[in-house]
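Line by line, the protein sequences give chains H and U. For what it's worth, our numbering labels the leading residue of the first sequence as 512, then goes sequentially. For what it's worth, our numbering labels the leading residue of the second sequence as 2, then goes sequentially.
Careful, some of the hints might be misleading.
[To be verified] Here are some of the chain U residues that sit facing chain H, going by a computed Cβ distance under 10 angstroms:
id: 1; residue: S54
id: 2; residue: G72
id: 3; residue: L73
id: 4; residue: R156
id: 5; residue: A157
id: 6; residue: L162
Since the hints were made in silico from the structure, they are not lab data. Small disclaimer: the values here were computed from a predicted structure and weren't measured. Virtual Cβ for every residue (Gly too), placed ideally from N, Cα, C.
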Amino acid sequence: MQALADRLREMEPAMADLLDEAQRGDAAAFETLYRLHVGRVHALCRRLARDPGRAEELTQEVFLRAWKHLGSCPGGEALAGWLCRMAIHVVLSDNRKLRRRFWRESPPADGVLPERGGFQASPGLALDLERAVAGLPPGARQVFVLHDVEGFRHEEIGRLLGLSPGTSKAQLHRARRLLKEALGS
Amino acid sequence: MKHCADYEERLNDCLDGLLSPPERTGVERHLEGCASCREFLAAMRSLRERTASLPRSLEPERDLWPGIREGLPARRAGLPKSRAGFPAWARGWGGLMPAAASVVLVILIAAAVVIGLRRSAVPRGPVEGGLPGAGTAQVARAGQEPLEMAEAEYRAATEKLLAALRSERQGASPEALKVIEENLRIVENAIQEIRRAAAGHPGRRVDERMVTNLYRTRFELLRQAVRLFAREGEEKQS
């Protein structure tokens, strides 16, 4: 395993070269970066947006936006985090648009925005937990995904979602309580 | 049994390591005498462990790259035809350029395979009630796992491409071939290393779709190298 870790470390300069090339407009280099990071970005979009079709569209949008702003990416090693933050902004912004459009076109009587889709069976998924997370109310789900799955701190989540850290914490505790109930644990 | 509602926040903070030492001591003292809060904390710990084992990478159902490629606005003038598609660090390597470029890409893709296998090899919590439809997305042939099938197909295709590269018609230099073969060996060894590690832990599994996608990508890159060698060979002859 040590040999493998050493080998992976040796690849970092190649990653920086690839990013450099993509920043100069090389689509082939960008495609390789896409192949390496698409799973991570798509997982975030899928969990934050819930709808599988929408998650794919949003993943595409993230990479299109990344191409446009690639010059501001701090470096090869930071690329994954940079893409994840971009994915969060893209999904949240789309959620807001969707919410506005829905309210304008057909405001629900109970004030709750319905969501389509959920997790479908995929090999290797801890599906019961994924489904329970997908069934959380939007605010609680977003905070849970960002904090417990992605490892963001409440201060950062607050900045991303426009909440106070205290509200983020309250949403997290609510999400955990609901998940505990949903999973019967 | 219902836990004490006014302790819920502190128990969550305890789980997240946000309590000061005196606060923690207070919670521990409460837990000693409160079975329902002990139960609540144990359930929260179990939830956290299960959450930690969720895959952080989920491959999309379809390849999204064609749609992205279509939407990419051009950012610079095109490169000379025979060099387009290869980065500058490869363009400067003369005769070894296509081989070098494909090798770096192959290594990066292999790194993703390796990282993916590692991530997916994290032990998961128990799966209650089975996974409806799990494992049916890719139907294996009799007695063969989908991943094994993909690997077998990938290996056969790679051999064909290598044979094409070795043929005189493609014009790949012995040095270029040596570099490609050496790196394919490195990648193979890395995959085997991970497989050996995963085999030592029953119950762990890999994300087949992600790995097969990566194999496919790697194959495509090798195929591009063959095409480039062929084109360069034709240019030399003309």
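Verification of the hints:
no.	hint	result
1	S54	holds (6 angstroms)
2	G72	holds (5 angstroms)
3	L73	holds (5 angstroms)
4	R156	violated (20 angstroms)
5	A157	violated (22 angstroms)
6	L162	violated (18 angstroms)
Of the numbered hints given earlier, the model fails hints 4, 5 and 6; all others are met.
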